[in-house]
Amino acid sequence: MNPKRLYAVVLRQFYLMRGSLSRVLPLFAWVTVDIALWGFLTRYLNSVADSGFSFVTTLLGAVLLWDFFMRVMQGVTMAFFEDVWSRNFLNFFASPLTIWDYLGGLVASSIATSSIGLAAMLLLAGLAFGLSFAAYGVMFVPFLLILFIFGIALGVMATALVLRLGPASEWFVWPIPALIAPFAGVFYPVAVLPRWMQLFARVLPPAYVFESMRTIVLHRSPGAWPVLAGAGLAVLYLAAGCWIFARTYRYAVRTGLIARYSAESVS
Amino acid sequence: MEKMLEVRDLRKTFGAVAAVDGISFEVSPGEIVGLLGPNGAGKTTTISMILGILEPSGGEILIEDRGHMNFAAVYAPLPGNLTVAENLRVFGLIYGVENFRERLEELLKQFDLAKYRNTKAGLLSSGEQTRLCLAKAMLNKPQLLLLDEPTASLDPSIAREIRAEIKDFTVRGRGAVLWTSHNMHEVEEVCDRVLFLSHGKILLEGDPKVLPQRHGKKTLEDLFVAVAREPLSL
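Chains as they are written, first to last, in numbering that gives the first Met the number 0: chain A, 0 to 266; chain B, 0 to 233.
One chain only, chain B, in its complex shape (with noise of 0.2 Å):
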C-alpha cells in the first residue's frame, strides 16, 4: 500500500537530551495514527518536525505530496484580531486553494462557522476558534492532516461532530491522520493504529482495541499511565 507519510530513524537532540530517538512510522491513506505519550514523550517534537518548522538531528521524513499537508495545534490559534472569514481568505491564498469562494462556503456550512463569518477569531469561544484551526486545516483539501490535540478545548459534544468530520475525511476522502491527544476514549474511537512514545523512543504499536489487553491492562489509559509512570515494566 502507498504510504502519505514514512518516518525513519527519526532524530531529534537538544544537546544531550534526545527528545526523539530513533523512531520510525508510517501512516497510509485512510489510516488514523495516534501519537500517544506523557507530556514530553516527544509528540510535539516529531509533529514539529514533520512540519518542518524543526529540523531533525537525523533520519529522513518522506511525505508523498507536502503541498497536500495541513496541520491544526490546539497551541497555534488563528490570529484573533482578523475575523473568521479574512482567516481563511489569507491562508487560502498560502496554500493555493482554487475556487477559494466555493471552498469558504463549503468549510463554513461543514464547520458550523457560517455565522461567524465576519466575527473576529479572536472573540470565539474555544470550541469555535477550535473549528476555525481545523477549517483552516481542511482549506487545501489535505492528504495527510497532523492534529495535535484537536479537540483538548471542546465541549463532548462538539468534539464527537469533529472526530466525525476527522473520521469523515479518512473513509471518504482516503485521507492519513497522525493524531495525538491525551483523550484515551477518543483515541479508541478514532484511531486505527496507535505508537506510545516515551522518552522519545516507541513503546508499544498496535491496535488500541487491543494493546491494553496484550500487556495485561484493562483500558487504554490503564496502558498509558504504565507508559507514562513504569514503561520498563512493559
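The shape of chain A in the complex, shown without the other chains (with noise of 0.2 Å):
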C-alpha cells in the first residue's frame, strides 16, 4: 500500500465533501435526528417505567452504536459510489493505483467521515438526553473497534457486490444494516429471538457487543469471552470482505467489466 495513493483518494473524497453541502450535511443530520427522536422515546420510557431501568443507556446507547456501525459501513461505500458515479474507475484503475491503495483510501475516507457523525452523536447524546459513556467503562473502545471493524467488512462486501453486478445494484445495498438489526439485537437481548435466528446472531459481531452493553448497564460484568468473540469474527468478516474484493476485481479484470464499467452497459 502506497500512503501517498492512498492519500490521494482520501483527498479526492475530501475535495467533493469541500465543495458540497448535499455530501456534508448528511454526516450530522441523520444521526441528529435518530439521536433526537430516540432521545425523546428513552427519556418517556424512563418517566413512565417504575423499574429504575435506564432506557437512555439501554436504548440511546444502541442507537448511538448502530448509527456508528452504519455510518462506518456507508462511508466505504458512498466512497465507492462517487467513484461510480462520476465514472472514474478507468482513471484510477488504468494507473499505478492498486486495489489495496484504493481499498485503504476507501476505509481512511470512512474513519473520517464516520468520526465526525460519532462526535456529533456523542455531543447530542451528552449534552441533551445525559446520555455517559462512562456508563460502560472502558468496553466503550472495544464496542466501538468491533463495530468499525465489521462497518468496513460489509463496506468493503457492498463495493465487492456492486462491482460484480454493475451501479444500478447499489440498490442492494442500503437496506443491508435494516436486515441485520433485527438478528443483531441492537435492542432487546438475542434469547428474546427463535432459535433459527439465534443461530444467525452467533456469527454476526454486534450481537456481541450488544449482549454485553446490556449486561454492563444491568452492573454485571459481560466477561472477556463475548468481546473476543466479537472481535475475532470482526477480523473474520474483513478478511472475507477483502478476498471477496481482490476476486471480484480479478473477476471484473478477466472479463472487461472494469474497462466497461463507465458505460453503465453492465447489467
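No wet-lab data here; the hints were simulated from the structure.
Treat each hint with caution, since some may be false.
Facing chain A, according to a computed beta carbon distance under 7 Å, are these residues of chain B, among others [said to hold, decoys possible]:
id : residue
1  : 17
2  : 50
3  : 52
4  : 53
5  : 54
6  : 67
7  : 70
8  : 78
9  : 80
10 : 81
11 : 85
12 : 89
Derived lysine to aspartate or glutamate pairs resembling EDC-like cross-links, with alpha carbons at most 20 Å apart [stated by the list, open to error]:
id : chain 1 : residue 1 : chain 2 : residue 2
13 : B       : 140       : B       : 154
14 : A       : 3         : B       : 206
15 : B       : 119       : B       : 97
16 : B       : 119       : A       : 33
17 : A       : 3         : B       : 97
None of the values given here were measured: they were computed from a predicted structure.
Beta carbons are placed, not taken as given, at the ideal position from N, Cα and C, and that holds for glycine.
Combine the two chains into a complex, taking the hints into account.
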C-alpha cells in the first residue's frame, strides 16, 4: 500500500465534501434526527417505567453504536459510489493505484466521515439526554472497534457486490444494516429471538457488542469472551471482505467489467 | 532501437468471440503509431489490455517503464465534481509527480487551462475536458502515451493544437504514442505508422502516406472503408 496514493483517494473525497453541502449535511443530519427521536422516546420510557432500568444507556446507547456502525459502512460504500457515479474507474485503475491503495483510501475516508458523525452523536446524546459513556466503562472502546471493523468489512463486501453486478445494484447495499439489525439484537436481548434467528446472531459481531452492553448496564460484567468473540468474528469478516473484493476485481479485469464499467453497460 | 512497447501474439477472447486475435507490434521512442479499424475491430480492447484493466487471454505485453505510461480516452473523463486543479492534484499524487506545483503550472499553461484552474471539470466544454484529460495524461512526463480518440470532441482549431502538442511530445520528448482515431486526415498528419485492425487481427501495416496507393486506394479513408467493408479484398 502506497501512502501517497492512499492519500490521493482520501483527498479526492475531501475535495468532494469541501465543495458540497449536500455531502457534508448528511454526516450530521440523520444522526441528529436519530438521536433526537430515540432520546425523546427513552426520556418518555424512563418517565413511565418504574423499574429503575435506564432506557437512556440501553436504548439510546444502542442507537448511537448502531448508527456509528452504519456510518462506517456507508462511509466506505459512499466513497466507492462517488467513483461509480463520476465514471472514474478507468482513470483510477489504469494508473499505478492498486486495489489495496484504493481500499485503504476508502477505509481512511470512512474513518474521517464516521468520526465526525460519532462526535456529533456523542455531543448531542450527552448534552441533550444525559447519556454518559462512562456507564460502559473501558468496554466502550472495544465496542466501537468491533463495530468499526465489521462496518468496514460489510462496506468492502458491498462495494464488491456493486463492482460485480453493476451500478444499478447499489440498491442492494442500502438495506443491508436493516436486514442485519433484527438478528443483531440491537434493542433487545438475543434470547427473545426464535432459535433459528439466534443461530444467525451468533455469527454477527454486533450481537456480542449489544449483549455485552446490556450486561454492563445491568451492573454485571460480560467477561472477556463475548468481546473477544465479536472482535475475532469482525476480523474474519474483514479478511473475507478483502478476499471477496480482490476476487471480484480479478474477475472484473478478466472479463472486461472494469474496462466497460463507465459505460453503464453492465447489468 | 529500444522499444517503449512490445506486443507479442496478444489475444483476448470473450466466450467464443476473439476480440483480439494474435496481434504483434511495437512502438519505439519518438514514434506515433496509429491503431485503426472499424468499430469492434479490437482497438479499445488492445489499449485496455496494455493499460492493465483487461487481462489478456494469451500473448505478452512488454512495457519499458510502466511507471511512465499514461493515457487519455474520450470515454474516460475526469471527475466532473472536482476542479481542474483538484483533479490534477489527485492524479499527481497517484502518479507520484515530483515538484507538483511547478508541473501544474506548466500543464495549465501548455493546455490553456489556467483560467479554469478553479472551475469544476463538469462545467468545462467537451474540448476543455479533453484538454484536461490530456494534461492528466502528461502529468508524469510519460514515455509511453496511449490515446484513444483524443481529439474526437474537439473543434478543428483545438484539435490541430493538440496534434501539435503530441507531435512535439514525440519529437522533442522522444515519447512513444499509440493513437486510435477515426479521423483519417488526422492520422495521415500525425502518425508515423499505422496498423489496420479487422476482426481482432492486424490486416495492414505501414506508412499512412504510402499504404493507400500500395493497396490501390486514393486516400487513407478509402482504405479504411475497404478494411471495414471488404477486408478479404485486401
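(message) Interface hint check: residue 89/B, Cβ to nearest Cβ on chain A, cutoff 7 Å. Holds or violated?
(response) holds, 5 Å
(request) Using Cβ atoms only, decide whether residue 67/B comes closer than 7 Å to chain A, and label the hint accordingly. (result) violated, 10 Å
(message) Hinted pair, alpha-carbon criterion (20 Å max): residue 3/A, residue 206/B. Please report holds or violated.
(response) violated, 43 Å
(message) Using the nearest Cβ pair, does residue 80/B come within less than 7 Å of chain A?
(response) Where the cut-off is 7 Å and the nearest Cβ of chain A is about 6 Å from residue 80/B, the hint holds.
(message) Hint check: residue 140/B vs residue 154/B, CA-CA at most 20 Å. Holds or violated?
(response) Outside the cut-off at roughly 26 Å; violated.
(request) Let me know if the C-beta of residue 78/B comes in closer than 7 Å to any C-beta of chain A, holds or violated. (result) holds, 4 Å
(message) Hint validation: residue 81/B versus chain A, beta carbon distance must be below 7 Å. Holds or violated?
(response) For residue 81/B, the interface hint holds, since the closest Cβ of chain A sits about 5 Å away, which is under 7 Å.
(message) For a C-alpha distance cap of 20 Å, please report whether residue 3/A and residue 97/B respect it.
(response) Since the Cα atoms of residue 3/A and residue 97/B sit roughly 12 Å apart, the hinted pair holds (cutoff 20 Å).
(request) Return the status of the interface hint for residue 54/B: holds when the least beta-carbon distance to chain A is below 7 Å, violated otherwise. (result) holds, 5 Å
(request) So, residue 70/B near chain A? Judge it on the closest CB pair being under 7 Å. (result) Where the cut-off is 7 Å and the nearest Cβ of chain A is about 6 Å from residue 70/B, the hint holds.
(message) Next item in the hint list is residue 50/B. Is there a CB on chain A closer than 7 Å to its CB?
(response) holds, 4 Å
(message) Is the interface hint satisfied for residue 52/B? The criterion is a beta-carbon contact with chain A at less than 7 Å.
(response) OK, holds: residue 52/B within 7 Å of chain A, min 5 Å.
In this structure, the earlier hints numbered 1, 6, 13, 14, 15 and 16 are contradicted, and the remaining ones agree with it.
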